[in-house]
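Add chain B to chain A, keeping to what the hints say.
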Amino acid sequence: MNALAISHYTVTTACGPGKAALLQALRGGRSGLRHGQFEAGAIDSWFGEVAGLGQPLPPQHAAWDCRVNRLLAASLQQDGFSEAVAALRQRYGAARIGVFVGTSTSGVQQAEFAYRDRNRAGNRLPDWFDYRRSQSIHVPAEFARLLLGLSGCCMSISTACSSSAKVFAAAARAIRAGLCDAAVVGGVDSLCLTTLYGFNSLQLVSAEICRPADARRKGISIGEAGGFAIIDPQWSGPAPALLGYGESGDAHHMSTPDPEGRGAQAAMQGALDRAGLAPTAVDYINLHGTATQANDLAEDRAVCALFGEAVPCSSTKGWTGHTLGAAGMVEAAIAMLCIEQGLIPQSLNTEVPDPQLHGAIVRQTHQATVERVLSNSFGFGGSNCSLLFGRLV
Amino acid sequence: MKPPMKPIYIRAVGVAAPGLQGWAQARPVLAGAQPWQALAETPYAPQLLPPNERRRAPPGVRQAFRAAEDAQSACSMDFSQLAAVFASSDSDLTVMDRINRALAEPVRAVSPTDFHNSVHNAAAGYWSIAVGCRQPSTAVGGYDGSFAMGLVEAAALVHGDGLDVLLVAFDVPPPPLLAACRPLACAGSIALVLGSEPGAGALARLHLSLADAAESSMPDADLEALRVGNPALRGLPLLQAIARGGAARVVLTYASACNAVLEVEPA
Chain A
2 MNALAISHYT VTTACGPGKA ALLQALRGGR SGLRHGQFEA GAIDSWFGEV AGLGQPLPPQ
62 HAAWDCRVNR LLAASLQQDG FSEAVAALRQ RYGAARIGVF VGTSTSGVQQ AEFAYRDRNR
122 AGNRLPDWFD YRRSQSIHVP AEFARLLLGL SGCCMSISTA CSSSAKVFAA AARAIRAGLC
182 DAAVVGGVDS LCLTTLYGFN SLQLVSAEIC RPADARRKGI SIGEAGGFAI IDPQWSGPAP
242 ALLGYGESGD AHHMSTPDPE GRGAQAAMQG ALDRAGLAPT AVDYINLHGT ATQANDLAED
302 RAVCALFGEA VPCSSTKGWT GHTLGAAGMV EAAIAMLCIE QGLIPQSLNT EVPDPQLHGA
362 IVRQTHQATV ERVLSNSFGF GGSNCSLLFG RLV
Chain B
153 MKPPMKPIYI RAVGVAAPGL QGWAQARPVL AGAQPWQALA ETPYAPQLLP PNERRRAPPG
213 VRQAFRAAED AQSACSMDFS QLAAVFASSD SDLTVMDRIN RALAEPVRAV SPTDFHNSVH
273 NAAAGYWSIA VGCRQPSTAV GGYDGSFAMG LVEAAALVHG DGLDVLLVAF DVPPPPLLAA
333 CRPLACAGSI ALVLGSEPGA GALARLHLSL ADAAESSMPD ADLEALRVGN PALRGLPLLQ
393 AIARGGAARV VLTYASACNA VLEVEPA
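Going down the list, the sequences are from chains A and B. Residue numbers for the first sequence follow my numbering, beginning at 2 and rising by one. Residue numbers for the second sequence follow my numbering, beginning at 153 and rising by one.
Hints in this document: simulated from the structure, not taken from any laboratory.
These stretches of chain B come out as covered by chain A in the derived footprint (C-beta under 8 Å, 3 or more residues): (1) 252-262; (2) 268-277.
Residues from chain B shown here face chain A by an in silico Cβ test under 10 Å; the list is partial: (3) 232; (4) 245; (5) 265; (6) 285.
Only part of the chain B face toward chain A is listed, based on derived beta-carbon distances under 7 Å: (7) 281; (8) 288; (9) 289; (10) 292; (11) 294; (12) 295; (13) 409; (14) 410.
Ideal placement from N, C-alpha and C gives every residue a C-beta, glycine not left out.
Excised from the complex, chain A in its bound form (with noise of 0.2 Å):
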């Protein structure tokens, strides 16, 4: 495929808000993770929390307001992105421009909240719950077109933790396809009940920070975040370009990845065929590490039968946490990072790497000459998805 620009991208997670803080914080190898209870009385984890989201939308938008909106239009106020988009308008139009949001859960705390204050006895939800505008999983994608004026294609997309991956994916093809001509993608997800007490019904969430890579990882810390791109096929500036995008799905079990990784490969196999590249092109990989057991050994199997022992892979999940639905969309933006700025970074909280893993686990981060990543997100019911990025040329 043709490399496509990104021209514009944010990012907003537990490391603050937009693209400088995230990368202060790789640099710093400061973690966003925090320990205690995001909500009283819950289970005591670690939690990556974005900050300032107790505040309720503005009044135009009120109908709107829940915790994942007010992160999705936090993160689209950074880094001059509203802004870019507008500009994108005014060259393609409104109609012309796709949006494709991932998320795993939208706004189903507004549920959660619902659920615990209704009328037991008339088997009643309160009036105030409105799933239409809160717990649907097409309500990102409707309030990111709200915000921004766009009336073109819009595509919500939910495969668990490799939603926001596979916008990247889906908006390339329907910009070949013509039912666009550029596009906005990105993931949002905030925290919640179902996913906390969900990931730790099978026992997949750490007591202590996560370690990815790690011989003693216990599993997940549990983050929450919000990130959007422009993908601009005309961009003629320097930027960063989508390279490839390889999409697969495990058959294999609906919540543990297949442990020889084959749909793994799969995935990383197709990011580079349709790059027209061979793995030694791979400076860098972003994998999805999530510090679940089952996750960071397939994965590496993956990663070292398609690519040797010696490129260098980190998890950045020691920074962000899980972020789940808006993960493919947080390490598009590391990755993105990577590249413009030099940067490998480290698998932070790994102590004592695991000796099962024969990948190049990267310990110390570094400067180097950076070309091109490539970053996995994968999800429950084996949906997989990996992205290569490098420049535009």
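Coordinates of chain B only, in the frame set by chain A:
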């Protein structure tokens, strides 16, 4: 202006809705040759799932499989080689209801099976296991525009990525507590197999474009009630055009100021 999108061929159809029990039975009803009748609903056990997954599959997944297996039964293509798009507004609110009830109690005992069934791509995951498919699969949701959203993604997979695609749109009514906020009249699902080539026995050819145009309705009141009663059945005007067999223009609900315009022709 860009040249219009290349045509997409419909290679197979599956459908499951009240009075529309499979494409073979539904086709003459949709064509107007036979009257619609409210046939009794029967529970459905997916045929392709291994026993463990069949036991765990929630109602939404079963509804998705009902149309997908109907499409497969009349199609010679190898379904393990098809990319898959699962489109649903709400996936399965019976599962979300159980999780939210559990979270409202002091012990917050969420069932692990409920949690893995709660992901919007549950049907896509079960399907890939059922047919051993490692091709790309995705799950989208566009509220009442879910069918058209799935069709747009399927069209992009056909013409952007060069794949043959199984599209399955499905939704099931929510449990009583959520029905007040998200009322659906019935369970329904539609499956289409789509490709860039007609192959053997293509049912129709269609051109897709997007425009701020008024959506099509069903002329028959009973069928119109199905169309507006379930997001997946917003695709019924397309199935009616295929069943009638002539040339037709249908507009499907998609997003505000942007509906899906389909020029349907005999293959």
